[in-house]
Amino acid sequence: MASTLSTSEATRLAPATRSLRDRGKKRPGPYPYWFYIVPAIIYVVFFMVPTFASFYFSFTRWDLFTSTWIGLKNYKTFFAEQALIIGLRNTLIYAVITSGLKVVLGMALALLLTSKIIARGYLRSVVFFPVLVSTIGIGLTFTVLMDPERGLINQALGVVGINGPGWLTNPDLALFSIALVDVWKGVGLATVIYIAGLVSIPQEYYEAAEVDGAGRWKVFRNIMLPLARPATATVITLSLIGGLRSFDLIWAMTKGGPGFASDVIASVIYKQYQAGFYGLSTAGSVVLFLVVTIIVVPLTWWLNRGEEVT
Amino acid sequence: MKNTRGVVIGGAAIVLSAIFFLVPFLFSFVIASMDRTQANQLEFTWPQPFVLLNNVAEALAARDYLMIIAFINSIILTVASVAALVILSAMVAYVWQRRISRWSPLINILVLAGLIVPPAIVPTIWVLQTVGLFRTMPGLIFIEIAYGLPFCILLFRAFIASVPRELDEAAVVDGAGSVQIFFRVIFPVLRSVVMTVIILQSVLIYNDFQNPLYFLPGTENATVQLTLLNFQSQFTTQYNLLFATILLVTIPPLIMFIFFNRKIVEGMAAGSVKG
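Residue numbers (my numbering), protein chains in the order written: chain F, 1 to 310; chain P, 1 to 275.
Just so you know, the hints here were simulated from the structure itself, not pulled from any lab data.
Remember, it's a predicted structure, so these values are computed and weren't measured experimentally.
Be aware that a few hints might be false.
As the list claims (entries may be wrong) - Here are a few chain F residues that face chain P, going by a calculated C-beta distance under 8 angstroms: (1) V49; (2) L64; (3) I118; (4) S125; (5) L152; (6) F220; (7) F289; (8) I294; (9) V297; (10) W302.
Claimed, not checked - A few chain F residues facing chain P, derived, Cβ under 7 angstroms: (11) I117; (12) L123; (13) F129; (14) R150; (15) I193.
Backbone N, C-alpha and C define an ideal beta-carbon position, used for all residues, glycine too.
Modelling step: build the complete structure from the supplied sequences, incorporating the hints.
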């Protein structure tokens, strides 16, 4: 007997499977629901219960054992304290900058790395590798590289006569410097997503454009950009979610400093937790949840809706 | 004409990529190879004398071989979480893809929520404490599984959709039970996506910093990433040892990258487009 099913065999099997499916109403059948049980328990206990519990505990003064209802006081504290407001503002700035730069640079690099140049494979590897490296390792390396006097970056700038700034010591600059390192590490992922999007554009479009005599810019503007829209949607969604939640890199580089200049919601949550303000920390988690949901859910919906229309 | 263009632009790109992407790694490497006095100058020059192996040995031996213990912890965490993730998410994705029911939309919502919603930290600690798993390796493993499930389920589901149903139906006719069908017939067919999930998740979980920081704190059972950050304050005047540690921590992802470059890139692109 051949391993593949012929048409006649398939029809012969059809009644048998149908009767099995009828019986499946009484018995579990070949796709039993109990396959869901273990993962569902893990997911519910360790992810969903804490998420729902956070709404309650954010309204309490809490030491993990006893909680006292104090209404909106944690939220009032959160929005009254300058340090915490800075964290909220910084989270938004950081997310917008990193995703914006990842879209632009990812697209540019993808265009470069799909064009006819030498050493494409090597270049793709080099750009992508930082994605896989430990965020803490990269954070520590760049903290040294960005040292105002001894750091390699300012020494190199000094050679060409530029007096480099205190990348991480200047309060106005620290957050942006970390954002740049974040882009350095993450742009490889945006690039491979764009490359996948660009190579899936059918060759005929380019041929038709060539026949019509369209220039490079027109091909990019009217063919590549619209047809790579799903890739753009993915890059924006992913980097916004990552940017709004980001913690590791900031913690490795400045711990939110100098002062509170590079604090984000995630680092505020950690600091309040360390200080023992569990209720306040949980309010921070709820604020982060709301920020992420309010921004990402409508955006994803809007980006995907546009996709269906075209 | 076109070729010269390709060479010129490609050449320029090689130079720029070397400055922007290779120098930070080369810098780590040369500092990690210097002796203490030279390393503390933080200059990007050739190490004189070249003592990389000594530094690596010293970094590993620091604080009673803390880094070696950390590597063992990270390996246990990664292997256990990834093994469980592969089997559990394949099982969910299989039933979810094959059996349309009133549960299907619910799973859809849960998976999307898992990808978007940031975990609530302190309540999670409270849950872990309640079930007696706070500050334990099994507790952290459960956390990694819970957070990794949505992404893995999506990857598996997309692949299972391309596996013909006739395969399961033939096995049913042969009288195989559902567990047998899944493990003997379906699972072996998923080999390629299983590899993708293993590679992606092991890099992610090995590099994870935030979850070990909250749920498995302390120095004795710390993972590699935590120990690395602890060494920053330990090695403030020994940059050679700090960078030797950074190099050590970078080796596992580097090995993954050398062997599975294509697979990682394909998996990340495919997985994120679906997510």
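For each hint, the structure was consulted:
1. Below 8 angstroms, beta-carbon pairs count as interface contacts, and F:V49 has one with chain P at about 6 angstroms; its hint therefore holds.
2. A least Cβ separation of about 6 angstroms between F:L64 and chain P falls short of the 8 angstroms threshold, and the interface hint therefore holds.
3. The interface hint given for F:I118 holds, since its Cβ lies 4 angstroms from the closest Cβ of chain P, which is under the 8 angstroms cut-off.
4. Residue-level restraint check for F:S125 holds (minimum Cβ-Cβ distance to chain P is 6 angstroms; threshold 8 angstroms).
5. With 8 angstroms as the threshold, the beta carbon of F:L152 comes within range of chain P, its nearest partner Cβ sitting at about 5 angstroms, so the hint holds.
6. Among the interface hints, the one on F:F220 is violated; its C-beta lies about 16 angstroms from the nearest C-beta in chain P, farther than the 8 angstroms criterion.
7. Hint status for F:F289 relative to chain P: holds, with the closest Cβ pair at about 6 angstroms, below 8 angstroms.
8. Below 8 angstroms, beta-carbon pairs count as interface contacts, and F:I294 has none with chain P, the closest being about 11 angstroms; its hint is therefore violated.
9. This hint holds: F:V297 has a C-beta 7 angstroms from the nearest C-beta of chain P, less than the 8 angstroms allowed.
10. Interface restraint check: F:W302 against chain P, minimum CB-CB distance 15 angstroms, threshold 8 angstroms, status violated.
11. Interface restraint check for F:I117: the shortest CB-CB distance to chain P comes to about 4 angstroms, inside 7 angstroms, so the restraint holds.
12. With 7 angstroms as the threshold, the beta carbon of F:L123 comes within range of chain P, its nearest partner Cβ sitting at about 6 angstroms, so the hint holds.
13. Hint status for F:F129: holds, given a least beta-carbon distance of 6 angstroms to chain P, under 7 angstroms.
14. Because the smallest distance between the Cβ of F:R150 and any Cβ of chain P comes to about 5 angstroms, under 7 angstroms, the interface hint for this residue holds.
15. A hinted interface residue such as F:I193 counts as satisfied when its beta carbon comes closer than 7 angstroms to some beta carbon of chain P; here the least separation is about 5 angstroms, so the hint holds.
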